[in-house]
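4 protein chains.
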Amino acid sequence: MTVGRNMQDQGGRGETSRLEAFSDGVFAIALTILVLDLRLPPVENVTPSGLISAVLDLWPSYFAFALSFATILIMWINHHARMGLIQRIDGLLMFANGLVLFMVVTLSFPTAIVGEYLTGPAAKGAVFTYAVFVLATSGAWNVFMVAMKPERGLLRPTVPASAIATTRRRVAFGFTVYLVAAGLSLVNAYLGLGLITAMWGFWGVVAYRALNEHRAWSTEATEA
Amino acid sequence: MTVGRNMQDQGGRGETSRLEAFSDGVFAIALTILVLDLRLPPVENVTPSGLISAVLDLWPSYFAFALSFATILIMWINHHARMGLIQRIDGLLMFANGLVLFMVVTLSFPTAIVGEYLTGPAAKGAVFTYAVFVLATSGAWNVFMVAMKPERGLLRPTVPASAIATTRRRVAFGFTVYLVAAGLSLVNAYLGLGLITAMWGFWGVVAYRALNEHRAWSTEATEA
Amino acid sequence: MTVGRNMQDQGGRGETSRLEAFSDGVFAIALTILVLDLRLPPVENVTPSGLISAVLDLWPSYFAFALSFATILIMWINHHARMGLIQRIDGLLMFANGLVLFMVVTLSFPTAIVGEYLTGPAAKGAVFTYAVFVLATSGAWNVFMVAMKPERGLLRPTVPASAIATTRRRVAFGFTVYLVAAGLSLVNAYLGLGLITAMWGFWGVVAYRALNEHRAWSTEATEA
Amino acid sequence: MTVGRNMQDQGGRGETSRLEAFSDGVFAIALTILVLDLRLPPVENVTPSGLISAVLDLWPSYFAFALSFATILIMWINHHARMGLIQRIDGLLMFANGLVLFMVVTLSFPTAIVGEYLTGPAAKGAVFTYAVFVLATSGAWNVFMVAMKPERGLLRPTVPASAIATTRRRVAFGFTVYLVAAGLSLVNAYLGLGLITAMWGFWGVVAYRALNEHRAWSTEATEA
Numbered sequence: 001m002t003v004g005r006n007m008q009d010q011g012g013r014g015e016t017s018r019l020e021a022f023s024d025g026v027f028a029i030a031l032t033i034l035v036l037d038l039r040l041p042p043v044e045n046v047t048p049s050g051l052i053s054a055v056l057d058l059w060p061s062y063f064a065f066a067l068s069f070a071t072i073l074i075m076w077i078n079h080h081a082r083m084g085l086i087q088r089i090d091g092l093l094m095f096a097n098g099l100v101l102f103m104v105v106t107l108s109f110p111t112a113i114v115g116e117y118l119t120g121p122a123a124k125g126a127v128f129t130y131a132v133f134v135l136a137t138s139g140a141w142n143v144f145m146v147a148m149k150p151e152r153g154l155l156r157p158t159v160p161a162s163a164i165a166t167t168r169r170r171v172a173f174g175f176t177v178y179l180v181a182a183g184l185s186l187v188n189a190y191l192g193l194g195l196i197t198a199m200w201g202f203w204g205v206v207a208y209r210a211l212n213e214h215r216a217w218s219t220e221a222t223e224a
Numbered sequence: 225m226t227v228g229r230n231m232q233d234q235g236g237r238g239e240t241s242r243l244e245a246f247s248d249g250v251f252a253i254a255l256t257i258l259v260l261d262l263r264l265p266p267v268e269n270v271t272p273s274g275l276i277s278a279v280l281d282l283w284p285s286y287f288a289f290a291l292s293f294a295t296i297l298i299m300w301i302n303h304h305a306r307m308g309l310i311q312r313i314d315g316l317l318m319f320a321n322g323l324v325l326f327m328v329v330t331l332s333f334p335t336a337i338v339g340e341y342l343t344g345p346a347a348k349g350a351v352f353t354y355a356v357f358v359l360a361t362s363g364a365w366n367v368f369m370v371a372m373k374p375e376r377g378l379l380r381p382t383v384p385a386s387a388i389a390t391t392r393r394r395v396a397f398g399f400t401v402y403l404v405a406a407g408l409s410l411v412n413a414y415l416g417l418g419l420i421t422a423m424w425g426f427w428g429v430v431a432y433r434a435l436n437e438h439r440a441w442s443t444e445a446t447e448a
Numbered sequence: 449m450t451v452g453r454n455m456q457d458q459g460g461r462g463e464t465s466r467l468e469a470f471s472d473g474v475f476a477i478a479l480t481i482l483v484l485d486l487r488l489p490p491v492e493n494v495t496p497s498g499l500i501s502a503v504l505d506l507w508p509s510y511f512a513f514a515l516s517f518a519t520i521l522i523m524w525i526n527h528h529a530r531m532g533l534i535q536r537i538d539g540l541l542m543f544a545n546g547l548v549l550f551m552v553v554t555l556s557f558p559t560a561i562v563g564e565y566l567t568g569p570a571a572k573g574a575v576f577t578y579a580v581f582v583l584a585t586s587g588a589w590n591v592f593m594v595a596m597k598p599e600r601g602l603l604r605p606t607v608p609a610s611a612i613a614t615t616r617r618r619v620a621f622g623f624t625v626y627l628v629a630a631g632l633s634l635v636n637a638y639l640g641l642g643l644i645t646a647m648w649g650f651w652g653v654v655a656y657r658a659l660n661e662h663r664a665w666s667t668e669a670t671e672a
Numbered sequence: 673m674t675v676g677r678n679m680q681d682q683g684g685r686g687e688t689s690r691l692e693a694f695s696d697g698v699f700a701i702a703l704t705i706l707v708l709d710l711r712l713p714p715v716e717n718v719t720p721s722g723l724i725s726a727v728l729d730l731w732p733s734y735f736a737f738a739l740s741f742a743t744i745l746i747m748w749i750n751h752h753a754r755m756g757l758i759q760r761i762d763g764l765l766m767f768a769n770g771l772v773l774f775m776v777v778t779l780s781f782p783t784a785i786v787g788e789y790l791t792g793p794a795a796k797g798a799v800f801t802y803a804v805f806v807l808a809t810s811g812a813w814n815v816f817m818v819a820m821k822p823e824r825g826l827l828r829p830t831v832p833a834s835a836i837a838t839t840r841r842r843v844a845f846g847f848t849v850y851l852v853a854a855g856l857s858l859v860n861a862y863l864g865l866g867l868i869t870a871m872w873g874f875w876g877v878v879a880y881r882a883l884n885e886h887r888a889w890s891t892e893a894t895e896a
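Residue numbers (this note's numbering), protein chains in the order written: chain R, 1 to 224; chain Y, 225 to 448; chain P, 449 to 672; chain F, 673 to 896.
Bound conformation, chain R alone (with noise of 0.2 angstroms):
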C-alpha cells in the first residue's frame, strides 16, 4: 500500500514537472525575445561619435529591458519555489499558471512602450500602462496563491500551512504597490517606475529565501 502510495504520488510529481518544463520554456522564451525590442532606429551617415551618442540615447529601452529581465527572472524563481510545495495539479491551478504564463509573455509590450516613451511628453502614461501590466501580472499571482490553499489539498503534506498563508500575504502585498505604483505615475512616471523597480528588489529577496525554504522541505520530504 505504501508503494501504491508512492506510485501515485510519482504520477503527480510527473504531471508537476511536465507543467514545469513547459512553464520553464515559456519563461526562458519570454525573457529571452524582450531583446528583440532593443534596436537602434537606422542612421544615415553617421560618424562614430554619432553613433555611440545613438546607442547612448537609448537608455530608457536598457532600463526598461533589464527591468523586465529582472522581473521575469525572478518571477521564474518563485514560479520553481512554489511548485515545489505542489504534489499533484488541479483545474483550477491549471488556469492559473497559464494566466500567469500570458501576463509573462505579455511583458514584452508594455516595456517597449517604456522604452519609448519614457522621455518624451507621454511617459506618464508609458509608465502608467508598465504598471497595469504588472498589477495584472499580480493579479494572476494571487489567482494562482489561491489555488494553492492547503484546504485545497494540492500541497505536499510536509509543507506548513504557515509557508503558504506568508506568501499569500507578500502576493497580496505586492498587488496593492504596484496599484499605488499605478495611481503615482499618473503623478510622476519616475516616481512610479522607482516603485515597480524597489519592488523586484524585495521579490528577489523572497525568492532566494523561497529557493532555501524549499530545499528544507524537500530534504524533509525525502527523509520522512
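Calculated from the structure, these hints are not laboratory results. Be aware that a few hints might be false.
[Stated by the list, open to error] Residues on chain F that point at chain R, a partial pick, calculated with CB under 8 angstroms:
(1) R690
(2) I705
(3) G763
(4) V777
(5) T778
(6) S780
(7) F781
(8) A784
(9) P793
(10) A794
(11) K796
(12) T801
[Unchecked claim] Chain Y regions said to be covered by chain R (calculated; three or more residues, Cβ under 8 angstroms):
(13) 251–263
(14) 273–282
(15) 298–306
[As the list claims (entries may be wrong)] For each label pair, taking beta carbons as the anchor points, the in silico distance ranges come out as:
(16) K821(F) to S273(Y): 46 to 56 angstroms
(17) P608(P) to G315(Y): 16 to 26 angstroms
(18) N269(Y) to T869(F): 38 to 48 angstroms
Ideal Cβ placement from N, Cα and C applies to all residues, glycine included.
Start from chain R and add chains Y, P and F according to the hints.
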C-alpha cells in the same frame, strides 16, 4: 521475457517522450512569439492620455493574442493527454504530429491579421482567414486521431477503445464547427469569431477531463 | 570493472544527451521562428475579398515556409537517429554539430528571400540563394558524417560499420543533388526549387527508416 | 548517514540541473534569434544577379551573426563545464548566472549594429559598442568565477582548487583583452574586431579542454 518486453516498452516510451519534449518546445515557443505582433505603431508628440488611448485602441490585437494563446495552451494540454495514451510511434503518427506542429506554429499569422483588420472594413475577410487556419489545424488533429486508431497498435494496452472513439468524435465535431464558423464569418465577423471563441471553452473542458482520465489509465497501467 | 565501464558509458551518454537536448532546442526554435516572416504587408481601406486575395497572393511565402519547416523537422529526426548511434563526443563532432546548428538557424534567411522574390523578375537569384544555403547545410552534414566515421571510435559498439557507410553515401549524394539544384535554379527557378523539394521527400523516407533501424540497434545494445 | 549525505547531494544536483536546463534554454534561444537580424532590405524590380549581389553585400551581417553565434555556443559549452563542477547553488551564484544570461541575451543588439555599420563611416563606433558589450559579458563571467571560489563551498569535493584558479585567471585575462579590443576599435575597426574574433578561437580551445577535464573529474567523483 517480461524484462525483454519491458525493455522494448521503455525503448518505445523513450522515443515517445523525446517527440513529446520536442513538441512541447514548439508549443511553448509558438505561444510566446505571439506577443511579437502586439506592438504600438509609433506616435509622435503624444500626451499621456493620448498614449493610453492608443494602447486601448489595440484591443482587437489583445483579443486575437489572448484567443490564440489560449488555443495553443489548450492544444498543448490535449496533445499531452493524447501522447500519454501512446506506447510507440510510427511514420503516420510522426507525420500527423509534424502537421499539427506546423499548424500550431502558423497560427501567429492569422492572429496578426485579425488584430490588424477586425475593426476595419475587411473584418469579415480577416475572421474568415483565421477560421480557415483553425479549420486546417482541426484537419491536422483529425489525421492525428486516425493515426491513433486502436487497430493501428500504437496505444498502451490499458487504454479503452471507447475513449479513443470519443476523442475522435469530438475532433470530427470540432472540424464541422470550424467549417460553420468560416461560413458564418463571411456573414458577420463577430459571429464567426464568437463561435471559434466558444469552441475553445469546449476544448478547455475536454483538456481538463482528458488529463484526469489519462492519469487514471496511467495508474492502472503501473498497477497492472 | 564492468561497472566501471558502464559508468563511463553513462557519463558519455550524459554528455551526449545534454548536447542532444540543446540541439533539439535549437531545432525547435529555428523551425518556429520561420513563421515570423509570414506577415501581410499593411493594406489600407481593403474590402473582405481584397484582404482574402492579399492573403492568397502570399503563396510563395507559404510554400517557402512549409519547405523550410519540413526541412528542419526532417533534419531533426535524422539528427536524433544519428546521435542515437553515438556513445561519446569529441571536439570534431562538437564542431560539426555546431556547424549543422548554425546552418539550421540560418535557413530562415534564404526562406524569407524565396518568399519575397519567387514570383518577381529575380526569382532565379532567390532560388539560387536558397540552394546555396541548402548546399552549405549539406556540407555541414558531410563534416558531421566524417566525425562519425567508425574508425574515430565514437560509435556504440553494436552499430554496424555498413550502416554508417550507407548514411555517408546518402549525405554525399545529397550534396551533389543540391549542387545540381543550385545550377538548375539559374536556368529555371521552379526546376531548381522542385529538385530541392523532391530531395526532402527522399530525406523524409530516410528519416523514417533511420529511426526504425536505430530502434533495432538500441534493443540489441540493451540486450547484449 | 552516507545515504542522508547522498540525498542532500542529489537535492543539490536537482537544483543545479534545473538551473542548467533553464540556462541551456536561454542560450539556445539567444543563439537562434540572432538570425532575425539577417534580413534583406526590400529591393524593387531587381534582376537575378542584382539580388545575388544584394545578398553578398550583406557580408558584415553574416560575419557579425557567425561571430555572435560562435561566441554564444562556446559560452554555452564553458557554462556547462563550469556548472558541472558545482554541487549546490547559493544566492551569489544565482545572481552571477542571471547576469551572464542577461549579457548572453543582450548580445544580439550590438551584433545587429556591427552588421549594419561595419562598412560605413561609423565602423569604429559600431565595433567599439560591440567590444563594450563583450567586455560587460566578460565582467559577468568574472563575477561568476568569484561565486565559484573554492572557499565558498559550492564545488564538488573532487574538483582541485588549482583548476578553478586556472579558469579564473583565464576569465580575468579575457577581460583585459576585451578592454584592449575596445580601445583598439577606436583606432581601427577591423583590428578591434579581429582581436575579439581571435579570442573566441582561444575560448573554443578552452571549452574543449574544460569539457574533457570535467568528464575526468565526474568519473573520479562517481568512482570515489
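Hints versus structure:
{"no.": "1", "hint": "R690", "result": "holds, 7 angstroms"}
{"no.": "2", "hint": "I705", "result": "holds, 7 angstroms"}
{"no.": "3", "hint": "G763", "result": "holds, 5 angstroms"}
{"no.": "4", "hint": "V777", "result": "holds, 5 angstroms"}
{"no.": "5", "hint": "T778", "result": "holds, 6 angstroms"}
{"no.": "6", "hint": "S780", "result": "holds, 5 angstroms"}
{"no.": "7", "hint": "F781", "result": "holds, 5 angstroms"}
{"no.": "8", "hint": "A784", "result": "holds, 6 angstroms"}
{"no.": "9", "hint": "P793", "result": "holds, 6 angstroms"}
{"no.": "10", "hint": "A794", "result": "holds, 4 angstroms"}
{"no.": "11", "hint": "K796", "result": "holds, 4 angstroms"}
{"no.": "12", "hint": "T801", "result": "holds, 5 angstroms"}
{"no.": "13", "hint": "251–263", "result": "holds (count 11)"}
{"no.": "14", "hint": "273–282", "result": "holds (count 5)"}
{"no.": "15", "hint": "298–306", "result": "holds (count 3)"}
{"no.": "16", "hint": "K821(F) to S273(Y): 46 to 56 angstroms", "result": "holds, 53 angstroms"}
{"no.": "17", "hint": "P608(P) to G315(Y): 16 to 26 angstroms", "result": "holds, 23 angstroms"}
{"no.": "18", "hint": "N269(Y) to T869(F): 38 to 48 angstroms", "result": "holds, 44 angstroms"}
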